[in-house]
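Engineer: This is what each chain is made of:
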Amino acid sequence: MIVDRETRGGATRLNTWLSHVLRAGVAVSAVVILTGAAIYLARHGSARLGDRVFHGEPADLRSVTGIVGGVRRLESRAIVQLGLLMLIATPIARVVASAIGFLWARDRLYVALTGAVLMLLAYSLFRL
Amino acid sequence: MNIAFGSLALGLGSLAAGFLGALTGLGGGVVIVPLLVLVFHVDMRYAIGASLVSVIATSSGAAVAYVQEGLSNIRLGMFLEIATTLGAISGAALVTHVPTRTLAVLFGLVLLYSAYLSSERVVQSRPEPTGPSPAASWLRLNAAQPTPAGPVPYVVQNVTGGFSLMYVAGVLSGLLGIGSGAVKVLAMDHVMRLPFKVSTATSNFMIGVTAAASAGIYLRRGYLDPGIAWPVVLGVLAGALIGARTLVRAPIGRLRTVFVAVIVLLGIEMLYNGLMGRA
Numbered sequence: 002m003i004v005d006r007e008t009r010g011g012a013t014r015l016n017t018w019l020s021h022v023l024r025a026g027v028a029v030s031a032v033v034i035l036t037g038a039a040i041y042l043a044r045h046g047s048a049r050l051g052d053r054v055f056h057g058e059p060a061d062l063r064s065v066t067g068i069v070g071g072v073r074r075l076e077s078r079a080i081v082q083l084g085l086l087m088l089i090a091t092p093i094a095r096v097v098a099s100a101i102g103f104l105w106a107r108d109r110l111y112v113a114l115t116g117a118v119l120m121l122l123a124y125s126l127f128r129l
Numbered sequence: 424m425n426i427a428f429g430s431l432a433l434g435l436g437s438l439a440a441g442f443l444g445a446l447t448g449l450g451g452g453v454v455i456v457p458l459l460v461l462v463f464h465v466d467m468r469y470a471i472g473a474s475l476v477s478v479i480a481t482s483s484g485a486a487v488a489y490v491q492e493g494l495s496n497i498r499l500g501m502f503l504e505i506a507t508t509l510g511a512i513s514g515a516a517l518v519t520h521v522p523t524r525t526l527a528v529l530f531g532l533v534l535l536y537s538a539y540l541s542s543e544r545v546v547q548s549r550p551e552p553t554g555p556s557p558a559a560s561w562l563r564l565n566a567a568q569p570t571p572a573g574p575v576p577y578v579v580q581n582v583t584g585g586f587s588l589m590y591v592a593g594v595l596s597g598l599l600g601i602g603s604g605a606v607k608v609l610a611m612d613h614v615m616r617l618p619f620k621v622s623t624a625t626s627n628f629m630i631g632v633t634a635a636a637s638a639g640i641y642l643r644r645g646y647l648d649p650g651i652a653w654p655v656v657l658g659v660l661a662g663a664l665i666g667a668r669t670l671v672r673a674p675i676g677r678l679r680t681v682f683v684a685v686i687v688l689l690g691i692e693m694l695y696n697g698l699m700g701r702a
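Just so you know, the sequences run in chain order A and B.
Numbering-wise, the first sequence is residues 2 to 129 according to the working numbering.
Numbering-wise, the second sequence is residues 424 to 702 according to the working numbering.
All the given hints hold, so there is nothing to weed out.
A few chain B positions that, by computed beta-carbon distances, are all more than 10 Å from chain A: (1) LEU540; (2) VAL608; (3) PHE619; (4) VAL687.
Which residues of chain A face chain B? A partial, calculated answer using Cβ under 10 Å: (5) LEU15; (6) SER30; (7) ARG63; (8) SER77; (9) VAL96; (10) PHE127; (11) ARG128.
Computed, partial: chain A to chain B, Cβ under 10 Å: (12) LEU42; (13) ALA79; (14) THR115.
Derived by calculation from the structure, the hints in this document are not laboratory data.
Where a beta carbon is used, it is the ideal one built from N, C-alpha and C, also for glycine.
Next comes chain B alone, as it looks inside the complex (with noise of 0.2 Å):
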């Protein structure tokens, strides 16, 4: 096989995989990695790599709208990405100490957990109309969330929680090259108490930097390999493009359900080749 096919079908894959995050919305990020090692057996390190720089790419596309739309609380964000930015710093610092068998095993974990939370009903939490958190009134986080009849004021709870659920949402995201949207919405969501739409939003302004923050050490160590990360990074972006188009026109609840059974399949595979050590 020569260099201009293989970059081709890397590039077809990862095209599929952003389409079908961008559709879903459960991201593509987490199903790059997962693909390139199992499919075209990269390397884990260069597949980390490439993930993480398509994960700039597309989260920085989608909080274009977001932002516009003064959905995402950029306090909110800025605050929690200091969290955020240590937690990727210390992942990315840990990835030489951690065999990637374990790093296979950890990621076949959060594949797994990944699907069970997005296969579960989303359930609209109502902020209770408890008064703010003195941390949150301290550091203004307290916004209004645009809807079609004005704005609704919320408040934001459990700021030390959520603070430190964001470490951890952003260790994932150094060791695994993943956004870890999903642990970011459960800080903002479930621990804070905001409403789900600005959950969304602001965890998507924060993957960038978060990201960023790994990719930084990842490409000073030599795991990011242009070879393999140009067909991953197009090919994510060209197919979130795509698939942000089509969101409204396809019919999501199967194809939703055909995504989260590929992210258990694949969740299972590098579970078992870590645990094997063959990955």
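The following block holds chain A by itself, in its conformation from the complex (with noise of 0.2 Å):
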């Protein structure tokens, strides 16, 4: 039989709990960039616009510590960048996700697989 009826059930609770981490994701990370956006506009919002040229970013805006150092000030700059990173941590919690959900069903398998992925992921976000 082409279709494996077997996990056909479990696919369907992954993939309900798979699109809730995707909406709550999105929708948490627009809410901090925003309330970081909001601060930084009431409080750089008139000065003059640098030219954008690049110059990279500061080492505090590189790395989660420095972020998460920034958010500690309050610093309107570093909120907005927590935004990005839970934006981009986001997919990363679906593989998360799917990881569990894989384990769950016991396809050893496709456990390796989302294993060899998010170590991919953790390699591009930590290290390099």
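Both chains are sitting in their own frames, so use the hints and assemble them into the complex.
Structural biologist: This is the structure:
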């Protein structure tokens, strides 16, 4: 049989779960970005727009720990950056949710494949 | 010009891009970078960073509906994400070694190719009734498409070819900050012979993960500027949401032609700027 029926029920439950993760991730990130942007505009909105020449971001806005530190000091740019980071984390959370779903369905092959994707994502976000 | 006004202009431009992208089904991502570079004179690297994050926002939003309907083939998506994330990491690693004018030329070519693909009438490819490939069976990639008349089974072919093309899609995504939806659909529709709706839905499901893989590297390299990214992300997201709501009532044929024409013009200008060394 081409369609494997045994995991169909599980896959449907997984689908619903995955769509919740995605929707919540986008909504929460958008609210955080909007909050940071509002503070940013209130503080710097009337400042002259700098030329958009590339200079690279300061170290504080480049790493997870740096961003968290900036948020603690209520820096508006760090709050926006946290929102962007949460947006980047949304599809990653979706992969984690898939891994749990496959684990639940005792689908060893796909637990391994999902784990490989997670390792690649961790590599991209934390070191290179 | 002050920051408030500049952000508003950037936000409105991105809103228009997200709106047209959702309405025409072409995605806004492909026009965000040229819009930022050509109209707002943002550095190419900042533009790519902002575009990547907005691609994550819109594709995750659109994936919600597809995933719920069961149109996305989640196993196939997970398997192919190995290729796209590997590609995205390679692409993002390459960016530092590629001059921005070369990126502009490559971007111009991709824009022209996307315009060509979308002006072509989409041929509904019928999967041939041959047996599934051994790799597809072993990976259990064959599934069924939900239709009003009940599930219609389909078989996946040429797994190796599709996987390789997905790597290329990932490299382009990491290098240029786009979703590479066109290349992903090409790989699944033409090479792996999936039903068109399943390829579109599965491609959308994968775009977010692919973009996240390179966005992490962009963030750590300092290519993600919050001041530029916030109006772009919120604008594109709002535009895509409005676009998805108006989808039913709009005369899409003409809008599509206009949007494709815009893509062609942006492509030519990117190509020209790159070749003249002005990007």
